[in-house]
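Protein chains: 2
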Amino acid sequence: MAATIKDVALKAKVSIATVSLVIHNNNRISPETKKKVLKVIKQLDYHPSKSARDLVSQKTGNIGFILTDDHFLRTEPFYTRIFLGTEFEARDSGFYILLTTVASDYSENDPLPRFILDRSVDGVIIAGKVPHILIDRIAKYKLPLIFVDYVLDNEEYPVVLIDNIQGGILATNHLIENGHKNIAFIGGDIQHPSIYNRLMGYSRALENAGIKHNDKYIHTTSPYPDRQNGYDAAKTLFKKNKYITAVFACNDAMAIGAMHFLKDNGYSVPQDVSIIGFDDVEVDLLLDPPLTTIRVPKIDLGTEAFRLMMEVLKNKNTNGKKILVPVELIIRKSTKKL
Amino acid sequence: MAATIKDVALKAKVSIATVSLVIHNNNRISPETKKKVLKVIKQLDYHPSKSARDLVSQKTGNIGFILTDDHFLRTEPFYTRIFLGTEFEARDSGFYILLTTVASDYSENDPLPRFILDRSVDGVIIAGKVPHILIDRIAKYKLPLIFVDYVLDNEEYPVVLIDNIQGGILATNHLIENGHKNIAFIGGDIQHPSIYNRLMGYSRALENAGIKHNDKYIHTTSPYPDRQNGYDAAKTLFKKNKYITAVFACNDAMAIGAMHFLKDNGYSVPQDVSIIGFDDVEVDLLLDPPLTTIRVPKIDLGTEAFRLMMEVLKNKNTNGKKILVPVELIIRKSTKKL
DNA sequence: ATTTCTCAGTTAAACGTTTAACTTGATTTC
DNA sequence: GAAATCAAGTTAAACGTTTAACTGAGAAAT
Numbered sequence: 630m631a632a633t634i635k636d637v638a639l640k641a642k643v644s645i646a647t648v649s650l651v652i653h654n655n656n657r658i659s660p661e662t663k664k665k666v667l668k669v670i671k672q673l674d675y676h677p678s679k680s681a682r683d684l685v686s687q688k689t690g691n692i693g694f695i696l697t698d699d700h701f702l703r704t705e706p707f708y709t710r711i712f713l714g715t716e717f718e719a720r721d722s723g724f725y726i727l728l729t730t731v732a733s734d735y736s737e738n739d740p741l742p743r744f745i746l747d748r749s750v751d752g753v754i755i756a757g758k759v760p761h762i763l764i765d766r767i768a769k770y771k772l773p774l775i776f777v778d779y780v781l782d783n784e785e786y787p788v789v790l791i792d793n794i795q796g797g798i799l800a801t802n803h804l805i806e807n808g809h810k811n812i813a814f815i816g817g818d819i820q821h822p823s824i825y826n827r828l829m830g831y832s833r834a835l836e837n838a839g840i841k842h843n844d845k846y847i848h849t850t851s852p853y854p855d856r857q858n859g860y861d862a863a864k865t866l867f868k869k870n871k872y873i874t875a876v877f878a879c880n881d882a883m884a885i886g887a888m889h890f891l892k893d894n895g896y897s898v899p900q901d902v903s904i905i906g907f908d909d910v911e912v913d914l915l916l917d918p919p920l921t922t923i924r925v926p927k928i929d930l931g932t933e934a935f936r937l938m939m940e941v942l943k944n945k946n947t948n949g950k951k952i953l954v955p956v957e958l959i960i961r962k963s964t965k966k967l
Numbered sequence: 630m631a632a633t634i635k636d637v638a639l640k641a642k643v644s645i646a647t648v649s650l651v652i653h654n655n656n657r658i659s660p661e662t663k664k665k666v667l668k669v670i671k672q673l674d675y676h677p678s679k680s681a682r683d684l685v686s687q688k689t690g691n692i693g694f695i696l697t698d699d700h701f702l703r704t705e706p707f708y709t710r711i712f713l714g715t716e717f718e719a720r721d722s723g724f725y726i727l728l729t730t731v732a733s734d735y736s737e738n739d740p741l742p743r744f745i746l747d748r749s750v751d752g753v754i755i756a757g758k759v760p761h762i763l764i765d766r767i768a769k770y771k772l773p774l775i776f777v778d779y780v781l782d783n784e785e786y787p788v789v790l791i792d793n794i795q796g797g798i799l800a801t802n803h804l805i806e807n808g809h810k811n812i813a814f815i816g817g818d819i820q821h822p823s824i825y826n827r828l829m830g831y832s833r834a835l836e837n838a839g840i841k842h843n844d845k846y847i848h849t850t851s852p853y854p855d856r857q858n859g860y861d862a863a864k865t866l867f868k869k870n871k872y873i874t875a876v877f878a879c880n881d882a883m884a885i886g887a888m889h890f891l892k893d894n895g896y897s898v899p900q901d902v903s904i905i906g907f908d909d910v911e912v913d914l915l916l917d918p919p920l921t922t923i924r925v926p927k928i929d930l931g932t933e934a935f936r937l938m939m940e941v942l943k944n945k946n947t948n949g950k951k952i953l954v955p956v957e958l959i960i961r962k963s964t965k966k967l
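Respectively, the protein sequence lines represent chains P and D. Using my numbering, the letters of the first sequence map in sequence onto residues 630 to 967. Using my numbering, the letters of the second sequence map in sequence onto residues 630 to 967.
One or more hints might be untrue.
It does not matter which identical chain is meant; a pair holds if it fits inside one copy or across any two.
[To be verified] Quick list of in silico lysine-lysine cross-link-like pairs, DSS-like style, CA-CA up to 27 Å:
hint : residue 1 : residue 2
1    : Lys966    : Lys892
2    : Lys950    : Lys841
3    : Lys966    : Lys671
4    : Lys864    : Lys962
5    : Lys892    : Lys642
6    : Lys640    : Lys671
7    : Lys671    : Lys769
8    : Lys962    : Lys892
9    : Lys892    : Lys965
10   : Lys642    : Lys962
11   : Lys665    : Lys868
12   : Lys771    : Lys663
13   : Lys664    : Lys688
These are calculated hints, taken from the structure and not from any lab test.
Could you put together the complete structure from these sequences and hints?
The structure is reproduced here in structure tokens:
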């Protein structure tokens, strides 16, 4: 079996406390003793047991990462990338990330993620929109909680957000600069802060350019921003409006769906209609034409979330701290000068 | 703070041992006592501490999951899905999966995954090809080890594999049935058992159909089966061979690359050339035309790996046990009758 | 020459469980 | 009616660490 601190102490002829102090680089230990102990540690390939450490320190070195099923299973990798960013950063700090998904329709009597109940995490990162009831229940455990890509307006949790307003402005300006005036916006549930803010950016850009806001060009009644709903939204919109020359979709999935609708109905992209998405989910490049979009640095979101968690755990006052991650316009082939 | 077993014992006026026995459903406890204790447990929302359990049981309830960077970062989600399958299954058994990536060029003096060193996993699942030196080093720790989608020919580890030969046959037969005779195979490193076996399936199918094997139609010198190499492989192949009417790519990424090459060079798919891939990585549907492929049940691979791990941990003799997961032909639009 | 300090460690309690071994009182068995 | 069995618990050790409190020897201060 693996060596324990006892084995090391025995072989180095010191007490286990000394070994522990050496490991923690305590300066109460003389250089010679330290050297001797270190040597034995190497010989025995000793590594402290995490279970034992966790128990005595009342910490776990784990961070929980919660996602809804929907988000995890999304075809276009978005939240998985955020998770990856968190995992990368965690590794450097000696932490583990415990990933779990919860049902999108999580309700009162569904169980909480196990790692919360059995106290195997020091904090929890919640990515994307999750049911409010879940948050309420988790809150009771007084664990540090951090949100990524989602906010609760009334609460004061630290949060890492995409600069959605700026992204909305960037996207819409790009279309305006290409001479478009009849610009549609398609989005899912407008209650979702990200979608809401992307629309805000859209509105602000139009306003700045002195273009009149046309409510008929805005479609935000889809339940969920996926391809199918993008397809349907485009259908509704183009049935009623003939003059639309550009579409800003609230994310790439909807943009892809809209593009399919247009292709299926004899419009060509970007000759007849320009399309811009949001997220930059890699598959964009495979499309024909490749999708112009707003790049969201997904890995960075995850990284920042973990850093913020570390701050919280170090007891810095991070109440309500908000980190805005900037986005970037990626011009490909789905948009074109009018 | 969270309630401990002591709190429960105190409040229920029994010893902590009794509480523990109740939790474990030991029949030495009378129904009344049991009921009383259970009630207090509920009242205090008591859940046993995982750290403490881990320490005393010398288990961790964690399984390590190792992937190379390359594999994790692949654009088309493949290994991430396998991970997901493992995670789903683990949740049901009360286990956590600790994911970590290692450098694809892992070498002698890179550190081992932390969870191995600090003994925070009961076993390790290795997905996809990893450097042999890493396996050797892990082996020293005598942890149960399971492979997914990769085998070492000389070793005797339990393993979960795709039925690659069958897949190769399925794919090639599909092309043969569509009247193709000049069928190319493009693949990456032929040392990789999966690619090797897909090629074997290809050869066997040709043989069964009485079609002569033409080495000029086989390209397996790419270092890594990604899009770029698929593009390049197609280029090499089509420069030298005019009569190829169908391509079987060892995976979808290479198929996508090949398709791009063909498009860029005036071939139309599937009119001029049929293409079939392998994996079925979701983005296939977005392609134009959507890619015919061999579906690999990725989630199942992960699930099976976890189940196998549970068997191993229960000490069943699983030495060298091999699970072959079947595949399925998915006909879309990139293949066509000659 | 005491007393006080500092150095370099050691001792022992604590973290929250599990579980083998023990106890105690009641019931069977012959 | 004494011995054996049984039922329903309790006691205490163990898991592998960390760390506050202690110790003992030599140096410095008075």
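Hint check results:
1. Lys966 - Lys892: Both ways: Lys966 and Lys892 sit 19 Å apart in one copy and 25 Å across, limit 27 Å.
2. Lys950 - Lys841: neither (36 Å within a copy, 68 Å between copies)
3. Lys966 - Lys671: neither (66 Å within a copy, 66 Å between copies)
4. Lys864 - Lys962: both (22 Å within a copy, 24 Å between copies)
5. Lys892 - Lys642: neither (78 Å within a copy, 73 Å between copies)
6. Lys640 - Lys671: Result: close within a single copy only, 12 Å intra versus 47 Å inter.
7. Lys671 - Lys769: between (44 Å within a copy, 15 Å between copies)
8. Lys962 - Lys892: This pair counts as both: shortest intra-copy Cα distance 15 Å, inter-copy 17 Å.
9. Lys892 - Lys965: Both. Shortest intra-copy (16 Å) and inter-copy (22 Å) distances satisfy the 27 Å Cα cut-off.
10. Lys642 - Lys962: Classified as neither: same-chain Cα gap 71 Å, cross-chain 73 Å, threshold 27 Å.
11. Lys665 - Lys868: Classified as neither; 81 Å inside a copy, 67 Å across copies.
12. Lys771 - Lys663: neither (40 Å within a copy, 30 Å between copies)
13. Lys664 - Lys688: This pair counts as neither: shortest intra-copy Cα distance 29 Å, inter-copy 32 Å.
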